[in-house]
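Novice: The residues making up each chain are set out below.
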Amino acid sequence: MTQKFDFHVNGKPVSVALDNEETPLLNVLRNEFGLMGTRFGCGLEQCGCCMVLIDGQPEKSCSKPVWSVAGKTVTTVEGLGTPERPHPLQQALLDEQAGQCGYCLAGILISAKALLARNLSPTRPEIAAALDDNICRCGSHNRIIRAVQKAAAQMRAGAQT
Amino acid sequence: MNAPVLPGPLNDNPILERWVTFPAPGKVIVGTGRVELGQGVLTAMAQIAAEELDVGMERIAIRSGDTQFTPNEGYTAGSQSIQFGGVAMRQACADVRALFLDAAAKVLACKASELSIRDGRIYRNGSSTGQDYWTLAGAVDLTAKATGSGPRKAVADFKTIGQSRARLDLPDKIFGAATFIHDLQLDGMVHARVVRQPNRGASIDSVDEAAIKRAAKGAIEFVRHGNFLAILGDDETAVELAGAAAVNHVTWQNVEAPTPLQQEAAWLLQRPAIDRIFGAPEPADAKGRERFESTYTRGYVAHASISPSCGLAVFKDGHLTVWTHCQGVFPLRAALVKALGLEASAITVQHVQGSGCYGHNGADDAAADAAIIAIQKPGVPVRVRWRREEEFVYEPKSPAMVVKVRALLDEAGKPSDWTQEIWSPTHNLRPGAGGNLLGALALPNPPPEPPPNDVPESNGGGATRNAEPLYAIATKRHIHHLVTETPVRTSALRGLGATANVFALECCIDELAERAGQDPVEYRLSITSDPRARAVIEKVAQLSNWKAGEPGGAGRGRGIAFARYKNRAAYCAVVVELDVDETIALRHVWCATDAGLVVNPDGVINQLEGGIIQAASWVLKEQVRFDNNAPSGAVSFDWETYPVLKFSEVPEMTIELINTKDAVPLGVGEVAGGPVAAAIGNAVSHALGTRIRDLPLTRERIMATLLKE
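For the protein sequence lines, the chains are A and B, in the order given.
For what it's worth, my numbering labels the leading residue of the first sequence as 7, then goes sequentially.
For what it's worth, my numbering labels the leading residue of the second sequence as 113, then goes sequentially.
One or more of the hints may lead you astray.
[What the hints assert, rightly or not] If you only want the chain B side, here are some residues facing chain A, beta carbon under 10 Å, derived:
| hint | residue |
| --- | --- |
| 1 | G152 |
| 2 | K285 |
| 3 | F287 |
| 4 | T291 |
| 5 | A331 |
| 6 | A350 |
| 7 | L353 |
| 8 | H415 |
| 9 | G468 |
| 10 | R500 |
| 11 | A727 |
| 12 | A728 |
| 13 | S760 |
| 14 | E761 |
[Claimed, not checked] In silico lysine to any residue, SDA-like type, Cα no more than 20 Å apart, as pairs:
| hint | chain 1 | residue 1 | chain 2 | residue 2 |
| --- | --- | --- | --- | --- |
| 15 | A | K156 | B | T766 |
| 16 | B | K659 | B | D631 |
| 17 | B | K651 | B | T766 |
| 18 | B | K329 | A | V22 |
| 19 | B | K271 | B | V199 |
| 20 | B | K329 | A | M7 |
| 21 | B | K428 | B | V449 |
| 22 | B | K399 | B | E523 |
| 23 | B | K329 | A | E28 |
| 24 | B | K329 | A | S74 |
Quick caveat, the hints were computed from the structure, so don't treat them as lab data.
Glycine included, every Cβ here is placed at the ideal spot set by N, Cα and C.
Work out the full structure, taking the sequences as your base and the hints as a guide.
Specialist: And the structure:
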C-alpha cells in the first residue's frame with residue numbers, strides 16, 4: 007500500500023509516496039529527490055558516506071527507514087553551502103585541498119558540522135574522534151582535520167563580530 | 113637529421129586531435145587516456161597542456177578515458193601517468209602549438225620565430241596580431257600525426273608546471289554535485305544486482321524466486337543466462353533487498369571456498385609454481401663467508417574501495433555503450449569483445465569517476481555485469497551496483513607473499529651477496545593481461561583460465577617488483593616462485609610486490625645493521641652510492657632529527673626505510689615514530705621524496721600522504737581472512753571484519769620534496785608503500801627489542817611476540 011511521508015530537506019518541505027515504508031532515507035534522497043551528494047558506501051551503518059543531519063543530529067541514512075523521519079528536518083551536504091556561498095567547512099576543505107577521490111567528503115562534512123555545533127574549539131583528538139565514524143580510504147585524514155580546525159577558527163572569529 | 117623519437121603513448125596515438133582540439137572560441141579540449149582515480153591526474157594534465165599550449169588553465173576542458181575520443185594509453189596504473197602520459201601530453205601540445213605558429217606565420221606573412229603565444233592569442237614581436245588558436249583552427253589540420261618536432265618549453269620557462277594548483281574535481285565533490293558513476297541517471301534506467309556465482313564451475317541448483325520476491329517488497333524480475341543470474345527493477349530498494357536475500361535463497365553446486373589455512377602466506381610454500389631466477393649466479397666462494405637469513409610474510413590484502421563498484425550499460429541498435437570507473441577503458445573494451453562476441457566497433461566504453469580504487473578492484477567486473485544484462489534487455493539502460501559484501505568477497509585481492517632473504521656478509525658486516533626468494537600468486541589478472549571478467553565465468557561456455565603470468569619485468573615486475581636492493585652489493589639475485597594454485601583471484605594493488613619486497617629487504621638491512629652494531633641510517637649510507645638515494649635518506653634523517661644510537665626497547669621506537677620504486681622511478685625514504693603497547697600507535701611519519709620534475713607540488717604531497725596512510729593501514733590492520741564454513745566462504749566482508757585505519761589512528765606527517773626541477777617526472781602514487789611498511793617494522797623492532805616479520809602487525813602477533821620474550 008502506498009503511503010505518503012512528509013518532512014523537510016534542506017529547509018524545504020518535501021513529500022514522497024512509497025510502497026515500502028522501510029525504504030532507506032538514503033535511497034529517497036538520491037532516487038526520489040535527485041540529491042546525489044549523500045552517498046552509498048556500505049548500507050551497514052559502518053562507513054559514514056551516507057551521513058545526514060536529522061533534527062540537527064548526525065545520522066547514517068543508509069538504514070534509516072523513511073517512516074522514521076516523517077515530520078523531521080533533514081540536512082544534506084547540498085544544504086550546507088554552494089560554490090557561491092560555501093559553508094566555512096566547505097571553504098576550508100577547498101583551501102586545504104582536503105580530498106583525493108572525495109567520495110567520503112559529504113559524510114565527513116556532516117559529521118564535522120555536527121561537531122562544531124557542539125564544540126567550536128575542538129582539539130585534534132576531538133576532531134579525530136568525531137570523524138571516527140567516517141572512513142576515508144585515500145588517506146586525506148590530516149588535511150581534513152586541518153580543514154575542520156581552520157573552519158572552527160573562522161566560525162569562532164565570525165561569532166565574535 | 114633523424115626524426116625525433118615520440119614518447120610512447122604519443123607514438124601509439126599519433127593523431128593530434130585525440131590530444132587537443134579547439135571546439136569553440138576560447139575553449140580547448142584536451143584528451144588523455146589517463147583517468148581520474150582521485151589522484152588528481154587530470155589537474156596535472158591540464159597544467160601540462162596549459163603550459164605547452166600557452167593558454168589559461170580555465171580554458172581547458174579535459175576528456176579522459178573514452179574509446180571513441182581519447183588516446184589509448186592502456187591502464188592508469190603503476191605511477192606512470194605523469195612519467196609517460198604527461199610527457200606524451202607535453203609533446204602533443206608542443207607539436208600543436210608549433211603547427212599553429214606555422215599557420216599564423218603564413219597568414220601574417222612573417223617568420224614563425226617572430227611570433228609568440230599568450231593565453232591562446234598570437235603576438236608578433238610583442239604586438240597583437242588578431243590571430244589566435246580559434247581564428248586559425250580552420251587552417252590547421254589536427255588529424256595530422258605528431259612529429260615530435262614542436263619545441264617543448266625549458267624547465268626554467270615554466271609558469272604553470274611546478275606550481276601548486278587546486279584540484280579541478282574537488283569543488284563538485286565538496287558541494288555534493290553528481291560527479292560519480294553512482295550518480296548517473298539514464299532515461300528509463302533499471303537497477304540491477306547480480307547473484308554472484310561463488311566460484312568458477314559452480315552451477316545454480318535452485319532459485320527460490322518466491323522468497324526473493326517476498327523479500328524485495330516491490331516489483332523485481334530475474335534475468336538468467338547460464339549461471340549468470342541478476343535481479344532487475346525500477347526501485348533500487350527492492351532490487352537491493354532482493355539481492356541481499358538471494359544469497360540465502362539461491363543454492364549452488366560445486367562450491368569451493370577457501371579455508372582458514374589458505375589465508376596464511378606460509379600456505380604458498382610447497383604449492384605448484386613456475387620458477388624463474390634473475391641476476392648473478394650464486395658465488396662459488398660462499399662457504400667461508402658469514403651468512404644471514406630471514407623470512408618475512410604478508411597476508412592477502414583488499415583494495416577496500418570506499419564505494420562498491422558500479423557499472424552502467426545500454427545495448428541499442430546493435431551498439432553497446434558502457435560507463436565504468438575502471439582503470440583502462442580500451443583493455444575493458446577488448447575483454448568485452450572476447451566475452452560477448454561483439455566487434456570492437458560495436459562497443460563504446462567511457463570512464464566516469466568512481467571512488468579511489470588503488471588498483472584492480474571490482475570496477476571492470478561491475479561494468480561487465482551491466483553489459484551482460486544490457487544485452488539480454490536491448491534498449492534498457494542498466495545500472496549495476498555491487499553490494500558492500502560483494503565488493504569485499506569478490507574483488508580481486510592483493511596476493512599473500514613469502515619473501516626469504518639470504519645475505520652473505522663481509523668482514524665489516526656488510527652484505528656482499530644478496531638472494532631474495534619470493535613465493536607469490538600473480539599480481540596481474542587485469543582483463544588487459546588475459547584475466548577474465550567475473551560475470552563471463554558464469555555464462556555458458558565460460559572462457560578458459562588464462563595461462564599463469566605476472567607483470568613483465570619490463571613493466572617493473574609483479575611479485576618481483578623491488579626484489580633487488582638498490583644498495584651496492586657485489587652480487588645480487590632474486591628467485592621468483594609464481595604460485596599457480598591460489599585460493600582466491602589475485603591482481604594488482606598499489607605497489608604490487610614492492611610492498612612485501614621492500615618490507616623484507618629493508619627490515620633485513622636493519623637486522624644486519626644491528627648485527628654490525630651500526631646505526632641504521634649510517635649503515636644504509638655506507639652501502640649506498642646512488643647520490644639521489646643518499647639525498648633522500650640524509651634528508652629524512654635531518655627532517656626527523658634522527659639520532660644515532662637512540663635507545664629503544666621501552667615501548668617507543670623509531671625506524672627508517674628507503675626504496676627507489678621499481679628501482680627506476682621515484683626515490684623515497686621514510687622515518688616512523690611509534691609507541692607499542694598491546695597495539696601500535698603511530699606518532700609521526702617523516703618522508704623525503706625525489707620524484708624528479710613535479711607538475712603540482714601540493715598534488716604530489718597529497719598522493720604521498722595518502723600512500724603513507726594506506727600503507728600504515730595495510731601493515732597495522734589488514735588481512736583478508738577465509739572460512740569455508742562461513743556462508744560466503746569469507747570472514748572479511750564488511751568494515752567491521754576488515755577494519756582500516758581510522759581518523760584517531762592516523763599519524764601526523766612531515767613531507768619534503770627534493771630535486772623537483774629535474775628534467776624527468778617520476779610518479780609518486782606507489783612510492784611510499786614499501787618504505788612505510790618497513791619503517792613501521794623497524795620501529796616496532798626498535799620499540800620492543802624484538803622483531804615481528806609477519807604482516808599485519810596485529811595485537812595477536814604483538815602479544816605472542818611479547819609472551820615469547
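Novice: Please work out if K329 (chain B) and E28 (chain A) have their alpha carbons no farther apart than 20 Å.
Specialist: holds (9 Å)
Novice: Given the hint that K329 (chain B) pairs with V22 (chain A), does the C-alpha gap stay at or below 20 Å?
Specialist: With Cα atoms ~17 Å apart, K329 (chain B) and V22 (chain A) stay inside 20 Å; holds.
Novice: Between the alpha carbons of K428 (chain B) and V449 (chain B), is the straight-line distance 20 Å or under?
Specialist: Answer holds: K428 (chain B) to V449 (chain B) is near 16 Å, not above 20 Å.
Novice: Given the proposed pairing of K329 (chain B) with S74 (chain A), does the C-alpha separation stay at or below 20 Å?
Specialist: holds (18 Å)
Novice: Taking the closest Cβ pair, is A728 (chain B) under 10 Å from chain A?
Specialist: holds (9 Å)
Novice: Taking 10 Å as the limit, does the beta-carbon of A727 (chain B) come near enough to a beta-carbon in chain A?
Specialist: holds (9 Å)
Novice: Quick check on the hint: F287 (chain B) CB to chain A CB, less than 10 Å?
Specialist: holds (6 Å)
Novice: Decide if the proposed pair is consistent with the structure: K659 (chain B) and D631 (chain B), CA atoms, cutoff 20 Å inclusive.
Specialist: The given pair, whose Cα atoms are some 9 Å apart, holds under the 20 Å limit.
Novice: Is it true that the CA of K651 (chain B) sits at most 20 Å from the CA of T766 (chain B)?
Specialist: holds (11 Å)
Novice: Would the hint on G468 (chain B) stand, with a C-beta cut-off of 10 Å toward chain A?
Specialist: holds (4 Å)
Novice: Is the interface hint for R500 (chain B) satisfied, with its Cβ closer than 10 Å to some Cβ of chain A?
Specialist: holds (4 Å)
Novice: Would you check the hint for K399 (chain B) and E523 (chain B), treating anything up to 20 Å between C-alpha atoms as holding?
Specialist: Distance of about 14 Å is within 20 Å: holds.
Checked against the numbered hints given earlier, the structure satisfies every one of them.
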